[in-house]
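Participant: From just these sequences and the hints, can you work out the full model?
Protein chains in written order, with the numbering used here: chain A, 9 to 337; chain B, 9 to 337; chain C, 9 to 337; chain D, 9 to 337.
Careful: at least some of the hints might be erroneous.
Any copy will do: because identical chains look the same in the list, a pair fits if it lies in one copy or spans two.
[Unchecked claim] Think about it this way: if two alpha-carbon atoms lie no more than 20 angstroms apart in a straight line, the pair counts; the simulated SDA-like pairs of lysine to any residue are:
1) K305 <-> G94
2) K253 <-> T270
3) K305 <-> G121
4) K253 <-> P164
5) K253 <-> Q61
6) K305 <-> R12
7) K253 <-> A209
8) K253 <-> E267
9) K253 <-> R142
10) K253 <-> S272
11) K30 <-> L55
12) K253 <-> A275
13) K305 <-> A150
14) K30 <-> F292
15) K253 <-> F282
16) K30 <-> E54
17) K30 <-> A145
18) K253 <-> P208
19) K253 <-> Q280
20) K253 <-> P277
21) K30 <-> R60
22) K30 <-> T50
23) K30 <-> Q56
24) K305 <-> D70
25) K30 <-> E58
Everything labelled a hint here was simulated from the structure, so no lab data went into it.
4 protein chains.
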Amino acid sequence: MVVRIGVLGCGRIGQVHGRTIKRIDNARLVAVSDAVPRAAETLAAELQVEVRQTEAILTATDIDAVIIGTPTDTHFDLIHGAAQAGKAIFCEKPVDMSVDNIRACIEVVKATGVPFLTAFNRRFDPNFATLRRRIQAGDIGAVELVIITSRDPAPPPISYIERSGGLFRDMMIHDFDMARFLMREEFTRLHAVGSALVDPAIAIAGDIDTAAVTLTTASGRICQISNSRRAAYGYDQRIEVHGEKGMLRAENQLETTVEFATDSGFARPPAQHFFLERYEAAYFAEIQAFVSAIVHKTPPDPGIHDGLQAQILADTAALSLASGQPVDL
Amino acid sequence: MVVRIGVLGCGRIGQVHGRTIKRIDNARLVAVSDAVPRAAETLAAELQVEVRQTEAILTATDIDAVIIGTPTDTHFDLIHGAAQAGKAIFCEKPVDMSVDNIRACIEVVKATGVPFLTAFNRRFDPNFATLRRRIQAGDIGAVELVIITSRDPAPPPISYIERSGGLFRDMMIHDFDMARFLMREEFTRLHAVGSALVDPAIAIAGDIDTAAVTLTTASGRICQISNSRRAAYGYDQRIEVHGEKGMLRAENQLETTVEFATDSGFARPPAQHFFLERYEAAYFAEIQAFVSAIVHKTPPDPGIHDGLQAQILADTAALSLASGQPVDL
Amino acid sequence: MVVRIGVLGCGRIGQVHGRTIKRIDNARLVAVSDAVPRAAETLAAELQVEVRQTEAILTATDIDAVIIGTPTDTHFDLIHGAAQAGKAIFCEKPVDMSVDNIRACIEVVKATGVPFLTAFNRRFDPNFATLRRRIQAGDIGAVELVIITSRDPAPPPISYIERSGGLFRDMMIHDFDMARFLMREEFTRLHAVGSALVDPAIAIAGDIDTAAVTLTTASGRICQISNSRRAAYGYDQRIEVHGEKGMLRAENQLETTVEFATDSGFARPPAQHFFLERYEAAYFAEIQAFVSAIVHKTPPDPGIHDGLQAQILADTAALSLASGQPVDL
Amino acid sequence: MVVRIGVLGCGRIGQVHGRTIKRIDNARLVAVSDAVPRAAETLAAELQVEVRQTEAILTATDIDAVIIGTPTDTHFDLIHGAAQAGKAIFCEKPVDMSVDNIRACIEVVKATGVPFLTAFNRRFDPNFATLRRRIQAGDIGAVELVIITSRDPAPPPISYIERSGGLFRDMMIHDFDMARFLMREEFTRLHAVGSALVDPAIAIAGDIDTAAVTLTTASGRICQISNSRRAAYGYDQRIEVHGEKGMLRAENQLETTVEFATDSGFARPPAQHFFLERYEAAYFAEIQAFVSAIVHKTPPDPGIHDGLQAQILADTAALSLASGQPVDL
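Facilitator: As structure tokens, then:
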């Protein structure tokens, strides 16, 4: 079976997914759409597929699945439209900024029974996927402590910050999902601290750029997350997981394997800076997993429920930061 | 000038200090004492020095300084005795389990003007000392986030746990001091979580074996500490410090530099397991610093005030854990 | 300008190049050919291009360049045919097993003026290309010593060994080219030793599986190469270059960045085993460089002369091994 | 039993050995001697032992063993004197510059039956000793290839070079011994190349500063050694050993474990520069092994035969370099 796909939204992430689909054997990119016609036309020309209206893609009889890569505030309607048209749905995170809206989306997805994948790309990174696989295999025994370090190379423009929903919903949401992915026991309590240390304009915009969150589970397991909007040495994406038998950790991917030794010592290159480069393999595996789930009629993973849980954790972190107190989940 | 030293307490740490003194040029070990005569005699024989009564050492005219390596509950009296006799004091941590008692010791130390070093050995580790030196040199700019990972290879006997004052006062106190050493701005708020995941007997003894603490400063800088009483791969002692210009991190010291490559991949040996081996260089530098401070008439660093601050942080962590709430300092 | 390309030979390497061309903006794959029609048809179907006869590709007016990925003994005729038809030529290594034949190819390439790239893929590996770039930038000053370690994960079948031309021409030829690429001064003397330690059948086939070669230049610079047909821990591809100001070294690419710590120590995964995976980025950059050279009318690099020089070094190594003596070049 | 020791020669290496003896339980330093009385007096004062004449130490009834740390040209007479007086002998490398003289020393050592240790300190380095132990344990199966990289931080003064016996006898002799230690099969053929690339004054002094040697055994196993008198990044001491089941390698010991990450990437400190620091643990283990061999009446290892074999390899390398040809051993 070949899965026929339409891509909604031809921005940076839509382009990545479109190009990826072209490289996957049992998938076929049929059409793309974008509110900006020129964006759709450019991608369509590159990939030699049709431009259609978004509505037309949702209802097309020659399309099995849609990739939703449009702005977050359009997700709700597109999910409803696609689900009601019986299309499998691949939706960029966050599913919606409102937990209530996500719950409404869950209803329609349940009611229609369409496959739904929440695009937490990092789960598909070969390094982090290896962590999960080895934890499940029992290599470190019961997990006791997860430490996640996630730092962007540099802050986005203030205009982006202002519309982002804040660091917890825009950036740490990935780490909340990763924490759940690796801990495999739901968190019951969360404590957040944060400050604007990188750029005072971020504080003026009402956001923070440096944050630390502690999560605990009912059985006493702990997760520490730290985020910063700045890391001189590249896109810092590291995780360590401690269990009774040992530790698993995933280090950064550096630009090359070259080491330069001088009288100053031994220098290796920065971590890969650009998220599309850093997670290139993850983006590929993510589309593969979505297509494979449709072909094999298994539920895509992570599903819409995972999108909800991560959003709840992000909202709760914002609440904890505002109140200065831990919050029960 | 040669500093003439008496060692009080001939247990494991007293032995280390005694042997170290023998290797330091401008120091001379004169006598040792211990409540258990045989312990003192054994060490004295090895090091070819006299055994004296503790009281006699405190008042000896041929002794300039004392190393207090006796049980914690004797520190208060020995500090008072030594200070009143005008001896320079090197005191193992914790100075005392009671913050009030430490404050009383500060009074007598101030009143007598004797040099006092609180033996936070990790400050003298060449790796951690390098972190501090480079932070002070401005290599990473203003510090934003400190992450300290500190894990013992295996829990001590339950009998030890019962008398230890608890994980925060016995184990994390080192990390509290390290956090202050590296952050160089006092912490104003602390939040602790913890559980007994390693051994249920530890819970029965009223303690925890796994903990995570978040500290913040008035200017919004953050420190995350994690502790565990268990680390299969050795004595895990790692620190990373993030600043505006980059990161400094100190990795573990492994047993050898040998890597073994097979079809399973590349294997390196465990981290050094034993704290006396891991911190051998630190114990040496610590005594050197004490002797040097006496010779050059500069105040030893860390002083008794640092012993107080670390104890306050440990007490506060215990309070935060008990209440489930952050505590202002 | 879009370069229109035909791929001759649809075996493993032809497939790689065909797929790569599809991903390059200013290149277009027009047709493929293979002596085995089914091989050509399968690749053509996958890539949605035409199957043509090899002869037809060589003379086609809608094709600008050919990729020669056929068996080595066909290269001579194909190079002549393509050159006389004015096609740009991308030729897999070795250009030919006979140095005389390569010289004849050089004549026709010169006479016709067609662009020619000898496909030493490792030059395009981002790690090794970084070594070269930094050497040229003067980062380590004058090069003094190059050490190349190159080990296959496991020996090929004996049937392959028998037709391979021997380890020096089949395997170390890559390292000879790399040595020239990094040293940038021609070698004047070569000494080779070798043995069959991996598999006695290799000795029976008249070949070796373990070898060490020392090369020197007129100015006294040295290169040490070692090869083995076996490396339990993956495809071992490492280089270090020493100069007056320091060292540059390229380490292996491991399967993931995951480290697993237990009471045995710290384990990382094997090096990538499969050459197509290890050199994936190199194969891409190689085709890009070929296309770019055609578009910009600059001579492709490495050229046919580099193919000749590497072959001469391989022949000389075989001679040195047979005689037990160093050989002047 | 306590082994009573006299140290002959109070230069840099004699001081190291003297201080080490003071730290070893079942050894006692009795006296030191030096042709320069002040040198002996200074060390004796520091270690609180007697100064005696060399001759008096050799014949003393209260001394069991001597450490010969005097200039090489005095070794011959001292070995004879000590052996005839029944003293155990610890002799710095090289035993003698002349192979014939070493053979004569072997005769007297054999005749008198005194224990003799040739001080190839690197065998006692914990990293290299681990390589040997694991090879012997069969961890990598039969050894196929040994690669030794040995580079000094900077060349010694020309005056030292002139009296050194040349790079092979002064510097690579350590690597020849290491090659034998790890290969555990004698070498049968050797080929050397070398140049003066670091300093033309070294060429004028008739020596080289950069060299590469290839050694082979009767069964076809190979060792590659490279040496340089210069390494900007510290004292470069690395070994890798390949066997049928995998590889063991020993990396450099860096100054600290601190990594510094900036926009330039990840920087670690240089390798330990000073040989006394780099091999501190080895010097300690070496004296321990000597004392232990005497106490347990087992032959010290490496013995005088190992001193002979390494010298033969060094002489042969000089011959190969001069002739430009491999030489059979």
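Participant: Decide, hint by hint, whether the structure agrees.
Facilitator: Hints and how they fare:
no.	hint	result
1	K305 <-> G94	within (14 angstroms within a copy, 53 angstroms between copies)
2	K253 <-> T270	between (39 angstroms within a copy, 6 angstroms between copies)
3	K305 <-> G121	within (11 angstroms within a copy, 57 angstroms between copies)
4	K253 <-> P164	between (40 angstroms within a copy, 17 angstroms between copies)
5	K253 <-> Q61	neither (54 angstroms within a copy, 47 angstroms between copies)
6	K305 <-> R12	within (15 angstroms within a copy, 41 angstroms between copies)
7	K253 <-> A209	between (45 angstroms within a copy, 19 angstroms between copies)
8	K253 <-> E267	between (33 angstroms within a copy, 14 angstroms between copies)
9	K253 <-> R142	within (12 angstroms within a copy, 25 angstroms between copies)
10	K253 <-> S272	between (38 angstroms within a copy, 11 angstroms between copies)
11	K30 <-> L55	both (8 angstroms within a copy, 11 angstroms between copies)
12	K253 <-> A275	between (33 angstroms within a copy, 14 angstroms between copies)
13	K305 <-> A150	neither (31 angstroms within a copy, 51 angstroms between copies)
14	K30 <-> F292	both (11 angstroms within a copy, 17 angstroms between copies)
15	K253 <-> F282	between (35 angstroms within a copy, 18 angstroms between copies)
16	K30 <-> E54	both (11 angstroms within a copy, 11 angstroms between copies)
17	K30 <-> A145	neither (33 angstroms within a copy, 39 angstroms between copies)
18	K253 <-> P208	between (44 angstroms within a copy, 16 angstroms between copies)
19	K253 <-> Q280	between (31 angstroms within a copy, 17 angstroms between copies)
20	K253 <-> P277	between (33 angstroms within a copy, 16 angstroms between copies)
21	K30 <-> R60	within (18 angstroms within a copy, 24 angstroms between copies)
22	K30 <-> T50	both (15 angstroms within a copy, 18 angstroms between copies)
23	K30 <-> Q56	both (10 angstroms within a copy, 12 angstroms between copies)
24	K305 <-> D70	within (19 angstroms within a copy, 45 angstroms between copies)
25	K30 <-> E58	both (13 angstroms within a copy, 19 angstroms between copies)
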